[in-house]
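Asks: Sequence:
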Amino acid sequence: MLTDEEILAQVPRARRAAKLEAEREPRARGARYDRKSGRVEVELTNGYSFAFPVDVAQGLRGATAGELEAIEIELDGEGLHWERLDADLLVPDLLRGVFGSRRWMSEVGRTLGRVRSEAKANAARINGRKGGRPRGTSRTARASGAQHRRTQD
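Each step along the sequence shown adds one to the number in the working numbering, with nothing skipped, and position 121 is 129.
FYI, nobody ran anything at the bench for these hints, they're computed from the structure.
Values in this document were obtained by computation on a predicted structure and should not be read as measured data.
Ideal placement from N, C-alpha and C gives every residue a C-beta, glycine not left out.
Check before you lean on any hint, since a few could be wrong.
Derived CB-CB ranges, DEER-like [stated by the list, open to error]: (1) Asn54 with Arg133: 39 to 47 Å; (2) Arg104 with Glu82: 15 to 23 Å; (3) Asp94 with Arg23: 27 to 35 Å; (4) His89 with Asn130: 17 to 25 Å; (5) Arg110 with Ser45: 24 to 32 Å; (6) Ser114 with Arg92: 20 to 28 Å; (7) Thr72 with Gly38: 20 to 28 Å.
Assemble the whole structure, with the sequences as input and the hints as a guide.
Replies: Written as structure tokens, this is what we have:
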């Protein structure tokens, strides 16, 4: 177990490490909800910014504009928090395209996969001209639930 003196001696080194980490990884400097676009816009400490639609973020879908506008920046810029919604999102995760738990992201993928768009319709037409969707390998067939019978000798 460390003594108080040993702990106090490590504080300056820990502060330097935290400062280096903050400089290396961008953090939120500001965040706002844009009613017109329906997106949360995040300004980062490195001068860049990004935005994401609220419908893809866990805890934000279905919220009112007033609830979405009440964004707090927490964890020294690593987190975004909506008190009234009890929702929290981490900036490093958002930058990697992760907008919630694994289960949430799976549901978002299923929902977005069902969306019909002109781009998807064009891709289907082009695929059709090439002979349709490529056949799956036996590995993908097994993953999709197809069963292979073993021949008896």
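Asks: Decide, hint by hint, whether the structure agrees.
Replies: Structure-based check of each hint:
Between Asn54 and Arg133 the beta carbon distance is about 42 Å. The supplied range of 39 to 47 Å therefore holds. Take Arg104 and Glu82: their Cβ atoms lie about 19 Å apart, and the range 15 to 23 Å holds. Remark: the range hint 27 to 35 Å for Asp94 to Arg23 is upheld by a beta-carbon distance near 31 Å. The supplied range of 17 to 25 Å is broken by His89 and Asn130, whose beta-carbon atoms lie about 41 Å from each other.
The supplied range of 24 to 32 Å is met by Arg110 and Ser45, whose beta-carbon atoms lie about 27 Å from each other. For Ser114 and Arg92, the Cβ-Cβ distance of about 26 Å falls inside the hinted range of 20 to 28 Å, so the restraint holds. Our hint of 20 to 28 Å for Thr72 and Gly38 holds, since their Cβ atoms are close to 21 Å apart.
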